[in-house]
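K.L.:
Each chain, written out:
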Amino acid sequence: MMKRGSGFALSIMLLSALTLSACSNGEGAADGGGKKQTINFVHWRGEDTETFNSIISKFEQENPSINVDMTVFSSGDPYNNGLQAMLLSGEGADVFVSTPGSLFSTLLKSNAFEDLSGTPLLNSFSPDLIKSGQSDGKQYAIPYQLVYNVPVYNKTMLDKLGIQPPKDWDGFLAMCQKLKDEGITPILYGYDVSPGQLINTLVMNLMPEDDSFNKFQTGEVKATDPWFAEALTRFKELVDKGYILKNASGTKYEGALSLFAQQKGAILASGSYSMATIAKQNPAIELGLLAPITTSGSDAKYEGVHTTTFMLAVNAKSKHKEAAVQFAEFLAKPDIAAEYANATGQLLTVKDVKYDSKELIIQSEWMSKKTVFQPRLINTNKKIETALNESLNMIVGGASVEKTISTTQAEIDRNLTK
Amino acid sequence: MKTRNGTLWLFIIPGLILYSFFFIIPAVSSLLLSLTNWDGMTYQFDWVGLKHYGDLARDPVFGKALGNNVKFSLTVIIFQFGLSLFFAILVMKNTKLNVVYRTIFFFPTVVSSVSIGFIWMFVYDPNIGSLNLLLNSLGLESLARSWLGEPSLAIYSIAFVQFWGHTGQVMIIFIAGLQSIPKDLYEVANIEGASRWNAFRYVTWPLLAPSATIVLAYTTIQSFKSFDLIIAMTDGGPNYASEILSTFMYHQAFTYFSFGYATAAAVVLMLIIMVVTYFQFRLLKADRVVY
Numbered sequence: 000m001m002k003r004g005s006g007f008a009l010s011i012m013l014l015s016a017l018t019l020s021a022c023s024n025g026e027g028a029a030d031g032g033g034k035k036q037t038i039n040f041v042h043w044r045g046e047d048t049e050t051f052n053s054i055i056s057k058f059e060q061e062n063p064s065i066n067v068d069m070t071v072f073s074s075g076d077p078y079n080n081g082l083q084a085m086l087l088s089g090e091g092a093d094v095f096v097s098t099p100g101s102l103f104s105t106l107l108k109s110n111a112f113e114d115l116s117g118t119p120l121l122n123s124f125s126p127d128l129i130k131s132g133q134s135d136g137k138q139y140a141i142p143y144q145l146v147y148n149v150p151v152y153n154k155t156m157l158d159k160l161g162i163q164p165p166k167d168w169d170g171f172l173a174m175c176q177k178l179k180d181e182g183i184t185p186i187l188y189g190y191d192v193s194p195g196q197l198i199n200t201l202v203m204n205l206m207p208e209d210d211s212f213n214k215f216q217t218g219e220v221k222a223t224d225p226w227f228a229e230a231l232t233r234f235k236e237l238v239d240k241g242y243i244l245k246n247a248s249g250t251k252y253e254g255a256l257s258l259f260a261q262q263k264g265a266i267l268a269s270g271s272y273s274m275a276t277i278a279k280q281n282p283a284i285e286l287g288l289l290a291p292i293t294t295s296g297s298d299a300k301y302e303g304v305h306t307t308t309f310m311l312a313v314n315a316k317s318k319h320k321e322a323a324v325q326f327a328e329f330l331a332k333p334d335i336a337a338e339y340a341n342a343t344g345q346l347l348t349v350k351d352v353k354y355d356s357k358e359l360i361i362q363s364e365w366m367s368k369k370t371v372f373q374p375r376l377i378n379t380n381k382k383i384e385t386a387l388n389e390s391l392n393m394i395v396g397g398a399s400v401e402k403t404i405s406t407t408q409a410e411i412d413r414n415l416t417k
Numbered sequence: 000m001k002t003r004n005g006t007l008w009l010f011i012i013p014g015l016i017l018y019s020f021f022f023i024i025p026a027v028s029s030l031l032l033s034l035t036n037w038d039g040m041t042y043q044f045d046w047v048g049l050k051h052y053g054d055l056a057r058d059p060v061f062g063k064a065l066g067n068n069v070k071f072s073l074t075v076i077i078f079q080f081g082l083s084l085f086f087a088i089l090v091m092k093n094t095k096l097n098v099v100y101r102t103i104f105f106f107p108t109v110v111s112s113v114s115i116g117f118i119w120m121f122v123y124d125p126n127i128g129s130l131n132l133l134l135n136s137l138g139l140e141s142l143a144r145s146w147l148g149e150p151s152l153a154i155y156s157i158a159f160v161q162f163w164g165h166t167g168q169v170m171i172i173f174i175a176g177l178q179s180i181p182k183d184l185y186e187v188a189n190i191e192g193a194s195r196w197n198a199f200r201y202v203t204w205p206l207l208a209p210s211a212t213i214v215l216a217y218t219t220i221q222s223f224k225s226f227d228l229i230i231a232m233t234d235g236g237p238n239y240a241s242e243i244l245s246t247f248m249y250h251q252a253f254t255y256f257s258f259g260y261a262t263a264a265a266v267v268l269m270l271i272i273m274v275v276t277y278f279q280f281r282l283l284k285a286d287r288v289v290y
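Protein chains in written order, with numbering that gives the first Met the number 0: chain A, 0 to 417; chain B, 0 to 290.
Hint data in this document are derived by calculation from the structure and do not stem from the laboratory.
Note that the Cβ used here is the ideal one computed from N, Cα and C, for glycine as well.
Any given hint could be a false lead.
Here are the simulated SDA-like pairs of lysine to any residue, each with C-alpha atoms no more than 25 Å apart in a straight line [said to hold, decoys possible]:
| # | chain 1 | residue 1 | chain 2 | residue 2 |
| --- | --- | --- | --- | --- |
| 1 | A | 221 | B | 54 |
| 2 | A | 245 | B | 117 |
| 3 | A | 350 | A | 329 |
| 4 | A | 263 | B | 132 |
Heads up, incomplete: computed chain A residues facing chain B, CB under 8 Å, no partners named [said to hold, decoys possible]:
| # | residue |
| --- | --- |
| 5 | 80 |
| 6 | 105 |
| 7 | 106 |
| 8 | 246 |
| 9 | 249 |
| 10 | 250 |
| 11 | 254 |
| 12 | 392 |
My request is simple: use the sequences and hints to build the entire structure.
P.N.:
Shown next as structure tokens:
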């Protein structure tokens, strides 16, 4: 016979279980007696949590029947890991974000995206800037952020030394030498982030076509091709002449960024996304973006590299698709987008956004410059992308260009997309 | 007899169900998944037979990860085993001072591996790290290195952090083993004129064999499965110089979405651990003495 206390405890447990199960499908009683929907917004930008909380609270005030939960995973593998678990469960990720390239391609294959083609949501974005979320003429995801994958430089320092941003390779080398003579490390490099960034600007004016990186995965383009070998030779020259941070292969991005903020180096091999963090660490530095032009001035096709990322998507299996699209529309409102952009220092693909921070004004100037979409992310085969990025780390580690090319090509050959 | 057997089964079944649910079913599922090209994102996959095992045999990164794992595990096993035994002998007696020392030695165990990894990343930083700064201030500039950046050093630098973090933990097992050895055996050895080394060789070591077996097996499994420290400190770099089997599996699964391939690597790792542990048990069983 069950004791009275146990029976009471069991009743409480059953009641709790019923309550939890009622909440787990994202529905509960709304204040007005209607059904309240809960959608989950999954992304990787932990540093934007406060801003998103403020935006979510405004959204919930405007849409009392929708509650937005936010789940944040660290970018890269932890995000892939967490998102994968949520998507497989079929619940939990109503609005999520993706990068272009291999993650987008994998999610596309798994039918995770709701087709957003033709929705009014698209009208809020610059059509040229949302192409990376398209496939077979359909819009599966909408890039929200516009990033320039161009090294950040210390304009205050260069101005003081009377150095103008160079327009060709000889000028770039002369600038690095002058900085080195002044006892300043010309280029700060973190082995985990910098190769994936720097490789883009190194190849942008050397690759024969804008989609050359995509052709690595089919074997049409090889690491042994003269243009790629030339890009690596240029980089090797920077390493051999001591223009890249000493011990770079043991320095992480955060360490390199910290050295930059301490003004121990002139250029940080990262992208425009670093500017807000640097400005927080040392507001006294005036920043700019400076790409190494690896050719003569007349042969240069591009001034830099851009990426449209943080691609907003609606889960095709979501039970609350309408609410999810409503939330995405809210994020794309110019005033909300401006709040997000100015608070986080991210340039956006949304139209009519008013930027007021110093870093964003500098970045927005690049919108009129000639830039190419990030070559690295044109490639959808992650193993080949990693092999190409690692080629720069091999050179930083002291390998010859020939050895680097043969190792990289061997890795590419093993992983060709069949 | 039949009733007795039935009662016995009644006791066994709950444990068997739990064990099957948490160990046998996942192990069999892993084995089956390793024969598929599952990408981890969908429920669709094709059977590929033993293809992944053939690919693993030809994959230079897997070979490198296996080699690194052997280097990492041997370094950790030798130093963690030796140091923990040494410290256990030093602080075995229950004096107040020894209790303080034990607490100090044990302290890194309660800190999470990721936190330890981040702390040591700052220590090892080639530009601003305290280790190089210390060497430079002592006039030993030539010894200053990029501890995590040099491919030949990275795996040993992480192995050091691994046994720094866990020596205190296994020391406790040795202390328990040492304290369980009857004191009169040492008295007899003393009367017989045995040296301190002989007392250790013929009394302590044979009686410590059960603890040593546990320490060795635990350290081996722990070092083969080590993951968080490497992910936090180098993520397997530079150029796979610190990639080990567990990080290889993680990267295959969550960076490259090759879950089938990652699972095949997991099966290989499981087999390696089983074989190594079996031989360790046999080896140490030979040294065991029963009184």
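K.L.:
Compare the structure with each hint and give your call.
P.N.:
Okay, the hints, checked on the actual structure:
| no. | hint | in the structure |
| --- | --- | --- |
| 1 | 221(A) - 54(B) | holds, 22 Å |
| 2 | 245(A) - 117(B) | holds, 21 Å |
| 3 | 350(A) - 329(A) | holds, 13 Å |
| 4 | 263(A) - 132(B) | holds, 17 Å |
| 5 | 80 | holds, 5 Å |
| 6 | 105 | holds, 5 Å |
| 7 | 106 | holds, 7 Å |
| 8 | 246 | holds, 3 Å |
| 9 | 249 | holds, 2 Å |
| 10 | 250 | holds, 6 Å |
| 11 | 254 | holds, 6 Å |
| 12 | 392 | holds, 6 Å |
The structure fails none of the hints (numbered hints given earlier).
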